[in-house]
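Peer 1: Residues per chain are reported as follows:
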Amino acid sequence: MTRHTRLFMSMAYWGFAIYLFLPITIMIAMSFKDSKFIGFPIRSWTTDWYGQAIANGEFVSATGYSLLVAVVSTAISMVMGTWLAVLLARKSFWGRGVVFALTMLPAVVPGIISAISFRIYIRLIELDPGMVAIIFGHAVHNVPFVALVVGARLGTMPRSHTEAAQDLGADPLIAFLRVTVPYLKPAMVGGAVFSLLLSFDDFVRSFFLGSYEPTLPVLLFSKLRSGMSPEINAISTLVLIVTAILGLWAERSMRRMNKG
Amino acid sequence: MTDDVVHIDRVTKKFGKITALDEMNIKIKRGEFVTFLGPSGCGKSTTLRILGGFERPDSGTVYLSGQDVTRLPPNRRKVNMVFQDYALFPHMTVRQNVAFGLELKGMGRSAIDARITEILSFLELMPLIDRFPDQISGGQRQRAALARALAPDPDLLLLDEPLGALDARLRAQVQIELKSIQRSTGKTFFFVTHDQDEALTMSDRIVVMNGGKIEQDGTPEDLYLRPKTRFVAEFIGETNMLEGQLGTVSNGTGAMEWQGQTLTGIAQKGTPGQPVHASIRLERVQISPEKPSHDNVVSGRLVNSLFKGNRRMFEVKTPGATLLATAPENDSTAYLPGSEVWLGWNRDDMIILAD
Numbered sequence: 001m002t003r004h005t006r007l008f009m010s011m012a013y014w015g016f017a018i019y020l021f022l023p024i025t026i027m028i029a030m031s032f033k034d035s036k037f038i039g040f041p042i043r044s045w046t047t048d049w050y051g052q053a054i055a056n057g058e059f060v061s062a063t064g065y066s067l068l069v070a071v072v073s074t075a076i077s078m079v080m081g082t083w084l085a086v087l088l089a090r091k092s093f094w095g096r097g098v099v100f101a102l103t104m105l106p107a108v109v110p111g112i113i114s115a116i117s118f119r120i121y122i123r124l125i126e127l128d129p130g131m132v133a134i135i136f137g138h139a140v141h142n143v144p145f146v147a148l149v150v151g152a153r154l155g156t157m158p159r160s161h162t163e164a165a166q167d168l169g170a171d172p173l174i175a176f177l178r179v180t181v182p183y184l185k186p187a188m189v190g191g192a193v194f195s196l197l198l199s200f201d202d203f204v205r206s207f208f209l210g211s212y213e214p215t216l217p218v219l220l221f222s223k224l225r226s227g228m229s230p231e232i233n234a235i236s237t238l239v240l241i242v243t244a245i246l247g248l249w250a251e252r253s254m255r256r257m258n259k260g
Numbered sequence: 001m002t003d004d005v006v007h008i009d010r011v012t013k014k015f016g017k018i019t020a021l022d023e024m025n026i027k028i029k030r031g032e033f034v035t036f037l038g039p040s041g042c043g044k045s046t047t048l049r050i051l052g053g054f055e056r057p058d059s060g061t062v063y064l065s066g067q068d069v070t071r072l073p074p075n076r077r078k079v080n081m082v083f084q085d086y087a088l089f090p091h092m093t094v095r096q097n098v099a100f101g102l103e104l105k106g107m108g109r110s111a112i113d114a115r116i117t118e119i120l121s122f123l124e125l126m127p128l129i130d131r132f133p134d135q136i137s138g139g140q141r142q143r144a145a146l147a148r149a150l151a152p153d154p155d156l157l158l159l160d161e162p163l164g165a166l167d168a169r170l171r172a173q174v175q176i177e178l179k180s181i182q183r184s185t186g187k188t189f190f191f192v193t194h195d196q197d198e199a200l201t202m203s204d205r206i207v208v209m210n211g212g213k214i215e216q217d218g219t220p221e222d223l224y225l226r227p228k229t230r231f232v233a234e235f236i237g238e239t240n241m242l243e244g245q246l247g248t249v250s251n252g253t254g255a256m257e258w259q260g261q262t263l264t265g266i267a268q269k270g271t272p273g274q275p276v277h278a279s280i281r282l283e284r285v286q287i288s289p290e291k292p293s294h295d296n297v298v299s300g301r302l303v304n305s306l307f308k309g310n311r312r313m314f315e316v317k318t319p320g321a322t323l324l325a326t327a328p329e330n331d332s333t334a335y336l337p338g339s340e341v342w343l344g345w346n347r348d349d350m351i352i353l354a355d
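Respectively, the protein sequence lines represent chains H and B.
What the first sequence shows, in my numbering, is residues 1 to 260, in sequence order.
What the second sequence shows, in my numbering, is residues 1 to 355, in sequence order.
Honestly, I wouldn't trust all of these hints.
Stated by the list, open to error - Simulated crosslink set (DSS-like; lysine-lysine; CA at most 30 angstroms straight-line): (1) B/Lys29 x B/Lys105; (2) H/Lys91 x B/Lys17; (3) B/Lys228 x B/Lys179; (4) B/Lys228 x B/Lys27; (5) H/Lys33 x H/Lys223; (6) B/Lys213 x B/Lys78; (7) B/Lys78 x B/Lys105; (8) H/Lys91 x B/Lys14; (9) B/Lys105 x H/Lys185.
What the hints assert, rightly or not - Just some of the chain H residues that point at chain B, by a computed CB distance under 10 angstroms: (10) Pro158; (11) Ser160; (12) Thr162; (13) Asp167; (14) Leu168; (15) Gly169; (16) Asp171; (17) Pro172; (18) Ile174; (19) Ala175; (20) Val179; (21) Lys185.
These aren't lab readings, by the way, just hints derived from the structure by calculation.
Glycine included, every Cβ here is placed at the ideal spot set by N, Cα and C.
From just these sequences and the hints, can you work out the full model?
Peer 2: Quick look at the structure:
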């Protein structure tokens with residue numbers, strides 16, 4: 001590589017990094033600005049917006065609601081996704097291609113299309129919009145991601161491990177629970193965190209399938225319509241910090257355990 | 001109660017168009033160290049997996065300690081296996097790995113602890129009891145896998161090329177160890193390998209397989225000294241193979257016409273004139289500068305002389321074939337490449353095998 005291309009490459013990299021982080025940095029800065037007006041210059045700093053956001057019952061209950069939806073939908077997609085990964089790990093069976101395509105479909109269908117079709121569907125089965133419908137929509141959307149991560153790990157597991165378990169007296173269920181699941185654990189942790197973040201972050205499905213009680217992204221959207229406020233910046237900053245820590249932790253623990 | 005731990009009765013197993021086992025019959029006695037030897041794809045691993053319960057025969061019956069187990073799943077057989085890659089559970093310590101089979105047998109906590117201590121002390125693994133498999137060496141992993149398989153006290157222990165992953169020096173040491181473990185536990189060992197050296201060192205009995213069939217079944221001495229087929233003669237040890245026509249046969253001795261000369265050796269039966277091969281072990285072919293007084297004598301030109309440490313090896317070109325001969329490493333006769341030499345071997349050292 002010549003000196004010029006190296007220079008160009010590093011400039012491109014830093015350009016990308018700035019492009020990525022500048023908006024976030026501005027958002028964080030504004031959440032500490034002691035003024036309702038968003039913009040520079042910042043003359044004095046405050047943490048009042050955080051106090052207000054936390055004291056605001058609306059934000060707190062929306063966050064709780066989003067967390068509940070994330071946890072329950074993740075639990076469902078973990079069971080479904082792991083089961084599908086195990087099914088698809090078998091070398092060949094009739095209809096394997098179809099099962100694989102159906103498993104992956106929710107990951108590639110555009111969010112808006114999937115949200116509208118769910119909306120029609122719940123009307124058809126006479127399910128009211130609300131928590132159950134949102135959980136249902138999120139769970140289906142997250143299954144392929146869990147199946148992919150768990151399936152990749154399963155592909156690296158030697159067949160001899162389950163055979164050894166059976167050889168030592170385990171029936172297929174005990175072999176699965178005591179040998180296969182522990183082997184899959186890092187991938188399952190990673191898949192669960194990813195699924196939690198996807199659900200917590202989802203706007204389109206929650207918007208179409210929800211009733212009057214908003215999830216956090218839906219609440220933020222409705223607040224935005226009445227204008228930006230430093231309070232929104234504060235709550236967004238908090239969400240950013242928590243999700244970043246969770247995501248990085250999951251990535252690190254997956255990498256560490258994958259080596260073993 | 002029969003004395004045979006294993007009885008495989010006319011078992012056939014096919015994978016698609018490939019016949020892995022063809023009407024296989026064998027009985028194995030309690031306490032035997034039996035090695036199944038053969039090239040890859042000969043059916044030795046399929047036999048092992050059928051005994052473990054991981055493959056089901058297409059036809060035929062498998063008996064373990066007299067009980068028909070043909071349709072019994074692996075977890076309900078009193079058979080344990082040491083896998084080629086050891087298959088130790090990575091999330092469990094050595095102790096937990098060994099405990100796994102004992103817990104599933106429904107043993108009590110104190111009985112399990114006692115058995116773990118017993119087996120791990122016997123295999124000198126006590127210092128590593130709380131280590132995970134990735135924290136111990138290859139040789140230690142191999143012993144941990146052996147401990148795990150021996151702990152539930154199986155009727156039969158299956159070993160699937162368990163020394164393949166070890167380096168040469170360690171392998172030689174483990175071979176001796178395994179043999180003495182087998183002798184002191186009195187367990188029946190069913191060992192699978194493609195390494196003839198391993199088979200000769202450890203086994204009470206060797207079964208040579210080829211193409212889904214048993215070629216020969218006997219003691220290491222039988223197979224080495226009295227091979228019944230050309231395949232066995234060539235697969236075990238190093239040998240010179242001569243191609244000729246059978247002469248007369250009587251009283252276990254036969255003549256073979258080879259390059260206008262009549263050689264005598266051990267022969268079972270056959271019709272004069274039929275094409276045959278004769279096998280002569282390298283170490284039985286003696287080299288000398290003058291014509292020796294052996295039963296069979298051939299002259300030729302020395303092509304190569306190789307020093308192998310424990311012996312010297314000679315490559316001699318005769319009109320019919322290039323033969324290999326050996327001499328002790330302290331034989332000080334100077335043989336020069338290109339010189340004329342004589343090769344000689346006795347009647348008992350040549351085995352004539354029908355094609």
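Peer 1: All hints, please: hold or fail.
Peer 2: Hints, one by one, checked against the model:
About 25 angstroms separates the Cα atoms of lysine 29 of chain B and lysine 105 of chain B, which keeps this hinted pair within 30 angstroms; it holds. Between lysine 91 of chain H and lysine 17 of chain B the alpha-carbon distance is near 19 angstroms, which keeps this suggested pair within the 30 angstroms criterion. In summary, the hint linking lysine 228 of chain B to lysine 179 of chain B is supported, as the alpha carbons are separated by about 26 angstroms, within the 30 angstroms threshold. Distance restraint check for lysine 228 of chain B and lysine 27 of chain B: the Cα-Cα separation of roughly 20 angstroms lies within the 30 angstroms cut-off, and the hinted pair is therefore satisfied.
Proximity of lysine 33 of chain H to lysine 223 of chain H is assessed by CA-CA distance (about 19 angstroms); at most 30 angstroms being required, the pair is judged to hold. The suggested pairing of lysine 213 of chain B with lysine 78 of chain B holds, with an alpha-carbon distance near 26 angstroms, which does not exceed 30 angstroms. Using a Cα cut-off of 30 angstroms, the hinted pair lysine 78 of chain B and lysine 105 of chain B holds, with the two alpha carbons roughly 11 angstroms apart. The straight-line distance between the Cα atoms of lysine 91 of chain H and lysine 14 of chain B is roughly 19 angstroms, inside the 30 angstroms bound, and the hint therefore holds.
Our distance criterion of 30 angstroms between C-alpha atoms is met by lysine 105 of chain B and lysine 185 of chain H, whose separation comes to about 26 angstroms. Checking proline 158 of chain H against chain B: minimum C-beta separation of about 6 angstroms stays under 10 angstroms; hint holds. Nearest Cβ of chain B to the Cβ of serine 160 of chain H: about 4 angstroms, under the 10 angstroms cut. The hint holds. At about 9 angstroms, the closest approach between the beta carbon of threonine 162 of chain H and any beta carbon in chain B falls short of 10 angstroms, and the interface hint on this residue holds.
Contact between aspartate 167 of chain H and chain B, as hinted, is supported at the beta carbon level, the nearest pair being about 5 angstroms apart and thus within 10 angstroms. Evaluation of the leucine 168 of chain H hint against chain B yields a held restraint, the C-beta minimum of about 4 angstroms falling below 10 angstroms. The beta carbon of glycine 169 of chain H comes within 4 angstroms of a beta carbon in chain B, closer than 10 angstroms, and the hint placing it at the interface holds. Look at aspartate 171 of chain H: its Cβ gets to within about 6 angstroms of chain B, closer than 10 angstroms, so that hint holds up.
A least Cβ separation of about 8 angstroms between proline 172 of chain H and chain B falls short of the 10 angstroms threshold, and the interface hint therefore holds. Proximity of isoleucine 174 of chain H to chain B holds as hinted, the smallest CB-CB distance being about 7 angstroms (cut-off 10 angstroms). Taking 10 angstroms as the C-beta contact cut-off toward chain B, the hint placing alanine 175 of chain H at the interface holds, the least distance being around 8 angstroms. For the restraint placing valine 179 of chain H at the interface with chain B, the shortest Cβ-Cβ distance is roughly 6 angstroms, inside the 10 angstroms limit, so the hint holds.
At its closest, the beta carbon of lysine 185 of chain H sits 8 angstroms from a beta carbon of chain B; the interface hint therefore holds under the 10 angstroms criterion.
Checked against the numbered hints given earlier, this structure breaks none of them.
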